[in-house]
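Those protein sequences? They're chains A and B, same order as listed. Residue numbers for the first sequence follow the numbering used here, so the first one is 1 and each next one is one higher. Residue numbers for the second sequence follow the numbering used here, so the first one is 265 and each next one is one higher.
Among the hints, erroneous ones may be present.
[What the hints assert, rightly or not] To be clear about the criterion: a stretch of chain A counts as covered by chain B if any three or more of its residues have a C-beta under 8 Å from a C-beta of chain B, and this derived list gives those stretches:
no.	stretch
1	72-85
2	152-162
[Stated by the list, open to error] Computed from the model, here is a short list of chain A residues facing chain B with C-beta under 10 Å:
no.	residue
3	L43
4	R44
5	V64
6	E112
7	D114
8	P144
9	G182
[Claimed, not checked] Looking from chain B toward chain A, a few residues come up when the C-beta cut is under 7 Å (computed):
no.	residue
10	V285
11	A287
12	H288
13	M298
14	I337
15	K340
16	R344
Worth flagging that the hints you see were computed from the coordinates, not collected in a lab. The beta carbon of each residue, even a glycine, is placed where N, CA and C say it ideally should be.
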Amino acid sequence: MGEVIVITSGKGGVGKTTTTANLGVALAQLGLKTCLVDADIGLRNLDVVLGLENRIVYDLVDVVEGFCRLRQALIRDKRLDGLSLLPAAQTKDKTAVTPEQMRAVTEELRQEFDYVLVDSPAGIEQGFKNAIAGADRALIVATPEVASVRDADRIIGLLEAAEIPPARLIVNRLRPGMVRKGDMMSVDDIVDILAIDLIGVVPEDEQIVVTTNRGEPAALSHDSRAGESYRAIARRIRGDEVPFAEMDEPAGFFGRLRRIFGQA
Amino acid sequence: MLNLFGRNQSRDVAKNRLRNVLAHDRADTSPEFMEHLRNDVMRIVSEYVEVGGQGVDLQLQSVEDHVALVANIPVKQLRRRGRQGNN
Numbered sequence: 001m002g003e004v005i006v007i008t009s010g011k012g013g014v015g016k017t018t019t020t021a022n023l024g025v026a027l028a029q030l031g032l033k034t035c036l037v038d039a040d041i042g043l044r045n046l047d048v049v050l051g052l053e054n055r056i057v058y059d060l061v062d063v064v065e066g067f068c069r070l071r072q073a074l075i076r077d078k079r080l081d082g083l084s085l086l087p088a089a090q091t092k093d094k095t096a097v098t099p100e101q102m103r104a105v106t107e108e109l110r111q112e113f114d115y116v117l118v119d120s121p122a123g124i125e126q127g128f129k130n131a132i133a134g135a136d137r138a139l140i141v142a143t144p145e146v147a148s149v150r151d152a153d154r155i156i157g158l159l160e161a162a163e164i165p166p167a168r169l170i171v172n173r174l175r176p177g178m179v180r181k182g183d184m185m186s187v188d189d190i191v192d193i194l195a196i197d198l199i200g201v202v203p204e205d206e207q208i209v210v211t212t213n214r215g216e217p218a219a220l221s222h223d224s225r226a227g228e229s230y231r232a233i234a235r236r237i238r239g240d241e242v243p244f245a246e247m248d249e250p251a252g253f254f255g256r257l258r259r260i261f262g263q264a
Numbered sequence: 265m266l267n268l269f270g271r272n273q274s275r276d277v278a279k280n281r282l283r284n285v286l287a288h289d290r291a292d293t294s295p296e297f298m299e300h301l302r303n304d305v306m307r308i309v310s311e312y313v314e315v316g317g318q319g320v321d322l323q324l325q326s327v328e329d330h331v332a333l334v335a336n337i338p339v340k341q342l343r344r345r346g347r348q349g350n351n
């Protein structure tokens, strides 16, 4: 019996979809059968981030409306054994699915997969309620900005009200250099304010733009820092104790110099 | 912390602004929150003073750069010895 995990944030544009795609890849790399569910009906994105947009036949709404069986709507990722996608509908809106229907879909998926990751839409309305309906736990993505952390706090409250066990936090797009200069909140600052457990930190990484352009999630290759972070998070999801990498590691020549002279 | 030009570091500014905004958000989002806080405060305060019935006012207010818990509690009279004996 697999586990259903919703990935959510409240605020849009903080990297939920990229996170979902990469965690799916990283979990599948660990040999865990993983299904990604795009719950953002009307604004389908997970398929393009994964590079699977040309293979969609049926979608989530087709499944709940009975036009096809669940298995027919799943797209298997040919690059990676064990990774599948259940795409959102692009032409319907969020009211096309109810929380009960969503719960039924995730229940069926967990029979077959080790992990079901649900990519939540931004906001706190119907789409969000659908996305959390069948979830056993939640991962909250926040970037080190006031608006993002504020929205994350609101989401934590809503998840508590929905009696979903304490969520864990992914701090996304951290820029360690700016933190050191005092121009960005640190991971500790954010964890302190939100008072929830951290499950991972993903540094800002230009590779993400490149890999997303290509539809090949960063976690697929081994030469991106962000990809490395996603793999660590995937192992923590599985329950491994993975030490947190030192995000304060100064990058580049001057960073190394500063370290040598003990100013890091 | 101040930087070279005597300005607050934006990291600290962000933290303070967040704390403020969340103090309000959290109080707003759970209507029971202020009620619980009021009851607990009154319970403790009553051990020291006899509270004058009506007119108890307790609220979170933004004061310049921080949030304050402001209480206005009418007092009938002080208890002679305050809380004692059980600690």
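Verification of the supplied hints:
Under a criterion of three residues with beta carbons nearer than 8 Å to beta carbons of chain B, the stated coverage of the stretch 72-85 of chain A fails, only 0 such residues being counted. With a cut-off of 8 Å between beta carbons, the stretch 152-162 of chain A has 3 residues touching chain B; three or more are needed, and the interface restraint holds. Taken as an interface hint, L43/A does not check out: its beta carbon lies about 26 Å from the nearest beta carbon of chain B, beyond 10 Å. For R44/A, the suggested interface contact is broken, since its CB lies about 31 Å from the closest CB of chain B, more than 10 Å.
Annotation: interface hint on V64/A violated; nearest CB of chain B at approximately 31 Å, more than 10 Å. Hint status for E112/A: violated, given a least beta-carbon distance of 37 Å to chain B, over 10 Å. The beta carbon of D114/A is not positioned within 10 Å of any beta carbon in chain B (closest approach about 35 Å), and the interface hint is therefore violated. Taken as an interface hint, P144/A checks out: its beta carbon lies about 8 Å from the nearest beta carbon of chain B, inside 10 Å.
Using the Cβ-Cβ criterion of 10 Å, the hint placing G182/A at the interface with chain B is satisfied: the shortest such distance is roughly 3 Å. Nearest Cβ of chain A to the Cβ of V285/B: about 6 Å, under the 7 Å cut. The hint holds. Taking 7 Å as the C-beta cut-off, the interface hint given for A287/B is violated, the closest approach to chain A being about 11 Å. Here the hint on H288/B is broken, as its CB sits about 10 Å from the closest CB of chain A, past 7 Å.
Checking M298/B against chain A by beta carbon gives a least distance of about 15 Å; that is not within 7 Å, so the hint is violated. Using the Cβ-Cβ criterion of 7 Å, the hint placing I337/B at the interface with chain A is not satisfied: the shortest such distance is roughly 29 Å. The closest approach between the C-beta of K340/B and any C-beta of chain A is roughly 38 Å, which is over the 7 Å cut-off, so the hint fails. Checking R344/B against chain A: minimum C-beta separation of about 41 Å lies over 7 Å; hint violated.
Comparing the model with each earlier hint shows violations of hints 1, 3, 4, 5, 6, 7, 11, 12, 13, 14, 15, 16; every other hint is respected.
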